[in-house]
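Enquirer: Model the full assembly from the supplied sequences, consistent with the hints where possible.
Keeping their order, the protein sequence lines are chains A and B. With positions in the first sequence counted from 1, the corresponding number in the numbering used here is that position plus 19. With positions in the second sequence counted from 1, the corresponding number in the numbering used here is that position plus 12.
Rather than coming from a laboratory, the hints here were simulated on the basis of the structure. Just so you know, these numbers come straight off a predicted model, no measurement behind them. We put the CB at the ideal spot given by N, CA and C, even for glycine.
With a straight-line Cα cutoff of 25 Å, these simulated BS3-like cross-link-like pairs (lysine-lysine) come out:
1) Lys234/B x Lys267/B
2) Lys269/B x Lys143/A
3) Lys36/B x Lys105/A
4) Lys143/A x Lys280/B
5) Lys245/B x Lys112/B
6) Lys36/B x Lys112/A
If you want the footprint, here are the derived chain B segments under chain A, 3+ residues with CB under 8 Å:
7) 31-44
8) 49-57
9) 66-75
10) 83-91
11) 148-154
12) 186-197
13) 228-235
Partial pick of chain A residues on the chain B-facing surface, computed with a CB cut under 7 Å:
14) Ala36
15) Phe83
16) Gly86
17) Met97
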Amino acid sequence: MNVILSWAVLIILMYAAQTSLLPYIGYNGVSANLMLLLTVSTAFLRGYRHGVLMGLITGILQDFTTGSFFGCSIFSYMLIGLFFGKFSDRIFKEQLLFPVLSAPLAAAMYFFIVTGLLFLIGYKIDFLHMIHTILQPLIIYQVAFSWIVHKIAYDFHKLTVKHGIFRS
Amino acid sequence: MKPRQELKGIKPRSRKDKNQNSNKTAAIIFVLAFVFLSIFIVAKTNTQVPAASKTMMFFLSPFQKSFSWVGGGVSDLKDSVEGIENLQEETTRLRAEVEKLRAENLNASEALSENQRLRALLGYKQNATQFDLIAASIVGRDSVTWSSVVTINRGTLDGVADNMAVVTELGLVGHVVEAGLNTSKVQLILDPRSSVGTLIQRPESRVAGIVEGDINNPNAPKMVNIPKDADVKVDDMIVTSGFGGIYPKGVIVGKIKEIHNDEGGLLKHGIVATTVNFEKLEDVAVIVNSRETPPEPLPPVLQTAGTELDAEEVAKQLEHSKIIQQEVRDSVKQAQQLQLEQAQKSGGGTAN
Numbered sequence: 020m021n022v023i024l025s026w027a028v029l030i031i032l033m034y035a036a037q038t039s040l041l042p043y044i045g046y047n048g049v050s051a052n053l054m055l056l057l058t059v060s061t062a063f064l065r066g067y068r069h070g071v072l073m074g075l076i077t078g079i080l081q082d083f084t085t086g087s088f089f090g091c092s093i094f095s096y097m098l099i100g101l102f103f104g105k106f107s108d109r110i111f112k113e114q115l116l117f118p119v120l121s122a123p124l125a126a127a128m129y130f131f132i133v134t135g136l137l138f139l140i141g142y143k144i145d146f147l148h149m150i151h152t153i154l155q156p157l158i159i160y161q162v163a164f165s166w167i168v169h170k171i172a173y174d175f176h177k178l179t180v181k182h183g184i185f186r187s
Numbered sequence: 013m014k015p016r017q018e019l020k021g022i023k024p025r026s027r028k029d030k031n032q033n034s035n036k037t038a039a040i041i042f043v044l045a046f047v048f049l050s051i052f053i054v055a056k057t058n059t060q061v062p063a064a065s066k067t068m069m070f071f072l073s074p075f076q077k078s079f080s081w082v083g084g085g086v087s088d089l090k091d092s093v094e095g096i097e098n099l100q101e102e103t104t105r106l107r108a109e110v111e112k113l114r115a116e117n118l119n120a121s122e123a124l125s126e127n128q129r130l131r132a133l134l135g136y137k138q139n140a141t142q143f144d145l146i147a148a149s150i151v152g153r154d155s156v157t158w159s160s161v162v163t164i165n166r167g168t169l170d171g172v173a174d175n176m177a178v179v180t181e182l183g184l185v186g187h188v189v190e191a192g193l194n195t196s197k198v199q200l201i202l203d204p205r206s207s208v209g210t211l212i213q214r215p216e217s218r219v220a221g222i223v224e225g226d227i228n229n230p231n232a233p234k235m236v237n238i239p240k241d242a243d244v245k246v247d248d249m250i251v252t253s254g255f256g257g258i259y260p261k262g263v264i265v266g267k268i269k270e271i272h273n274d275e276g277g278l279l280k281h282g283i284v285a286t287t288v289n290f291e292k293l294e295d296v297a298v299i300v301n302s303r304e305t306p307p308e309p310l311p312p313v314l315q316t317a318g319t320e321l322d323a324e325e326v327a328k329q330l331e332h333s334k335i336i337q338q339e340v341r342d343s344v345k346q347a348q349q350l351q352l353e354q355a356q357k358s359g360g361g362t363a364n
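Expert: Okay, here's the thing in structure tokens:
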């Protein structure tokens, strides 16, 4: 129970940092998306089911509290958790380089899923312009924060396994 | 004979395991499909789930306020470092600006005295602003710019409600889309879902249009629906028109930066440079009550640190003008009272 509570506190703290602290060091309104990084790390460490679950939780948190386009974060995070979770049993859990290298790919997937959804809703999207103004800075921020987020997620994963809450 | 998996030392999966796996996969597909459909339904119907949203905002707000406080310190530190770096350049620029402001203040004083005279002449009873404001700080914002919604540290407990306009001393910020108990979501005028009824402030123009957010250029909204032959020029100031019921009339939105023709050929649109710097937005004010439509304010005179002497003079002049306005208001009240009494006398009390 304590471990689940710890995960809940971790998610809330990371989300509060993402929405209230990181915008101060943002560029042109774009800053690091810790929820996306946490979803990817969880998917790598615990497999696609936990990746999807983490995507669902972080997406719900983000979509309900920011007032953005409802469902876009939930849908994109779940798909990203599903995709990266498929590689869970093919990498060493102690390996920190792979999650860092996957951060740009996850950011690109998030960008194209959300802009694709907005396009389907009916907004005229200038993809090239948005790649320049949103995706490029987002990738830089994601790479910069990926190591620390994965390290935290890995420590929590070890704690979870140690307490026998989930199978390793 | 044992199955091949057992020979390899792998425990074969039972039918129960397979069923559980297929059930979990089906659940994931179902949730994904449900969320995918919800995106379009919510976008079309603008549905909200206030109870869930407000509950989450309530529990998150202490964390957000704490991080925002830390972030404010970080921001101040960053600004200080940047300030030192730019000190030399800033001093030169400020000297030039002081000279320019002195000239502008002379014009402003002239406009102020003309304004007083005209008000006295017309018996105009309105004050410069008629708003009840609540100060608020921004404690949260989204990490990317698909949308422009921020969270402020005031909610229904402070008197904030849905659809209240949010401003700064520089101009319009947006409106409250969802008021929680102790925090509220504010949709900025940069959001692609936002639309504000506006007017060109220039007296000979007064062209109406709608300022809406541009998803491709989140820092510069567009003024759309302007007829092609309308009198709109670059650098024209834009103010709210008061239509629509959310935004009071006369709040400054920004100025026209560029004008482009629409593809259809009948309309054009202007790119708006907002007077509010949304990237550095930290403190705002919520208009909780607008008693009556105020007159359109003069365009703001840009003023920065280093011009304190001139600011004192302007403050004195404004104080003086406030006294005159109060006197005018009293005399108007007296005149109205007299008229009422006369009407009662002549109409046999029907004026009640």
